[in-house]
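Listed below, chain by chain, are the residues.
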Amino acid sequence: AESKQPWRKPCTELSVLVSTPGCDGFPSLNSNESYKLHISRDSLLLYADAVWGALRGLETFSQLVGRDEDGTYYVNETEIVDSPRFPHRGLLLDTSRHYLPLKAILQTLDVMAYNKLNVFHWHIVDDPSFPYESFTFPELSKQGAFNAMTHVYTASDVQAVIEYARLRGIRVIAEFDTPGHTQSWGPGAPDLLTPCYLGKDPSGTYGPINPILKSTYQFVTSLFQEVGAVFPDYFLHLGGDEVDFTCWKSNPQIRAFMEEMGFGDDYTKLESFYIQRLLDIVSSLGKGYMVWQEVFDNRVKVRPDTIIHVWKNSPPYKEEMANVTKAGYRALLSAPWYLNRISYGQDWMAAYQVEPLDFTGAPEQKALVIGGEACMWGEYVDVTNLAPRLW
Amino acid sequence: PRSAMGRAMGLAGLLLGLLLVPAVLLSTSLGRGDPPPEPELGLGLGLGEGPLAAAAAEDSLWPLPQSLRTSRRQLQLAPDRFQLVHGAGSSAGPGCGILQDAFRRYYEYIFGQSRWRSPGRRWPSLRRELSQLQVVIAAPEPGCDSYPRLASSEAYYLTIAEPVAVLKADEVWGALRGLETFSQLVHEDDYGSFLVNESVIYDFPRFAHRGILLDTSRHYLPLKSILTNLDAMAFNKFNVLHWHIVDDQSFPYQSMYFPELSNKGAYSYNHIYTPTDVRLVIEYARLRGIRVIPEFDTPGHTQSWGKGQKDLLTPCYNGEQPSGSFGPINPIWNSTYDFMTKFFKEISSVFPDAYIHLGGDEVSFDCWKSNPDVKDFMKEQGFGIDYAKLESYYIQKILDIVSSYNKGYMVWQEVFDNKAQLKPDTVVEVWMANNYAHELSSVTQAGFTAILAAPWYLDYISYGQDWKKYYSVEPCNFPGSEKQKKLLIGGEACLWGEFVDATNLTPRLWPRASAVGERLWSSSNVTDLQDAYKRLSNHRCRML
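Chains as they are written, first to last, in our numbering: chain A, 1 to 391; chain B, 1001 to 1544.
Bound conformation, chain A alone (with noise of 0.2 Å):
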């Protein structure tokens, strides 16, 4: 059929106008994604300040283009101004309760794109498996991983995902959880987990980090070196929750300590004791850090600068969200968005009804919230189901 509409006219360049250099930067938390798209019978525009605005404006302008029942592409005359609300949009991914291929973490980014979400938080290792290949300590993932020669992450692989995010303008932050969920950290560091006690003897089995030995600590300096030095973001996340106590409770030489420092009864001190000696090993590194909440709520001295991750909804997260702002540090916040947590029909309405802000508190308080991440933990997901779970 020819043209019934002879306004049309064919279009045949969008032209891309990035005012500030940076295309061989990483993208951080104060990037600058804004973008301005202008679309007229005269020209195609795309400015941005910085090359993350463009690439977002990339992904609008590819949205808009649609398709007729004739099969020709067209774009309606649009203006669009156009920036993100939060700085820190995030989706996290678990892989180590089970091993992600490194195509379904590129898979992931491809569509984290398409959503604009521009953080992977990488909780990489945890109790069930070590994938992470550490040069400094080669047998973390020799002998944590479920199977060291196939569910591993190389340095390669590593640098892969974090070349691919940067090119969609996304930051991958990597979680290290410490001093908790360490269980598979143990058969490749011996001497690093607490041996737990049954009575006088030891047990066989293992708790959280031992915090009390110098090689703890030895050890946290030279893998936060590597790590630190791996992963470019500036924000490393460290951590920090679920911190079961009763393994530290059993063992004898740790109770010494306890008393030894008078922290008493009270085993949150002993959690603090490594918490605050693992943030200022990072620091001295040169990295900010995230942490789980419990490190604010168990009143661990962290940096002004460091970034509180809500996830938790028994205290209420609202409540939770008031009361770290409130001591002004900034909120990120998952609560509400674990995805992982699957329902029949159509939950996405309740995860989009979320409203960030919506908890008591002043002007100054809600700027501190800086975005939120999708969580998809991994005990129930694999390769096979990720992707339909997850979209």
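Treat the hints loosely; a few may be bogus.
BS3-like, lysine-lysine: derived pairs with alpha carbons at most 30 Å apart [stated by the list, open to error]:
hint, chain 1, residue 1, chain 2, residue 2
1, B, LYS1397, B, LYS1369
2, B, LYS1264, B, LYS1379
3, A, LYS312, B, LYS1379
4, B, LYS1389, B, LYS1379
5, B, LYS1534, A, LYS142
6, B, LYS1307, B, LYS1342
7, A, LYS103, B, LYS1534
8, B, LYS1468, A, LYS312
9, B, LYS1486, B, LYS1469
10, B, LYS1419, B, LYS1407
11, B, LYS1397, B, LYS1345
12, A, LYS116, A, LYS269
13, B, LYS1224, A, LYS103
14, A, LYS142, A, LYS312
Quick caveat, the hints were computed from the structure, so don't treat them as lab data.
Fit chain B to the supplied structure of chain A, relying on the hints for placement.
Same frame as chain A, now just chain B:
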């Protein structure tokens, strides 16, 4: 050389050790095969060879066979020499398409798609070798060219001993089940050798109707995903595909007599099942011993029918005027029954199974109540204001039409609840979750056969290991006599399509449906969740 073995049955003599997988004994209830003859003791098999099979293989059997005895003695299989063959005395031979196809399929499942070449160099074997699995069908009519039926025998007797294993079954259907089990027993050691433990298995399903419902109306499912699903069903010994093919949302079934139904009622021309597609599904299923029971659900759930068939649905009224919308099928017009007569003539010939599912669920009466002609009809018939009577009037006529084509029918429970006159061999499907045990009692007490779907709506997803909940259902837990319980012929796991399409069908349905598969096949005392977890996780990895 192979046939020199003589009667295949005589070989099996390998009760060396007894490892009874926990709680597995010969079941006496609802058995579908003959009890096994006493195994004869063979030569040189070293009696007293000690119990306790250490083999990992039983750790992955799913569903658990009725009777399983294994020993520690392992046999090796050489991929380039091992063969699945017809045994001497079998009523089936190389002309038996179903078995020929199955032999190739199971060879591939066992050894992988192969680089294995035909016999060349022979390395001396360090272990005893199993060179063949011989399949012997006992019934004079093996069933090679027929379709599986409700009454088909799926029992099999599998003896694995050096040098050949023997799989004996009444009909080909049992052989298919036995091949699946055999493939689950072959495992690889740390060096990549294919091993199987000497064993004797006697197996048959507890329930004869073990189905999966797929809904291709709420979302179209491409042929490929239906076929993949049939494969998965075969891995789990499911034997009925309940194809809920059309419904309100879309009509993808391309009818020969009424092409406008799909022309106007399908989501798009790309979203239809042509006669060839349908034949392919039926044949693919047949080769796996799976019946295909189509469901053309009426008089409700028929919005999409109205697009291509004018004057089929009831026009709803707003006061004196038609509102523009339509309700269930119009039960008062002769044209409705003319249409149905012709339509079900086609369906009866396209789908070879003896049963057609006629639906009959969730009929909303609002539209009928609003229509003045319907109201008049109600008066004429003396139905008063009891629209269930009108519904039954309609259903009755459909049931009669379908019977005239010599088909049996399955209906959802409402048809029974609303007291339509059903033929004695009607199968009533109980789906309403509320107090389904009570419904099973009522249905069976009235003398009808029943199948259970209510606790197995797998589209209702939730967080965590919900397979346990499906596994823990005991279908016969309803008040009733032994005679009544025998009328419960099985069940179905349903995956309604409101939130399901080809992008998520497989991970949503499996392995959760496997839990239902074992519940319907295995003995009622196979209930241990820990043992099930172990076997199911291995089975799941194998299915992948």
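Starting from the hint list further up, note which numbers the structure goes against and sort them upward. Result: hints 2, 3, 12 and 14 break, sorted rising.
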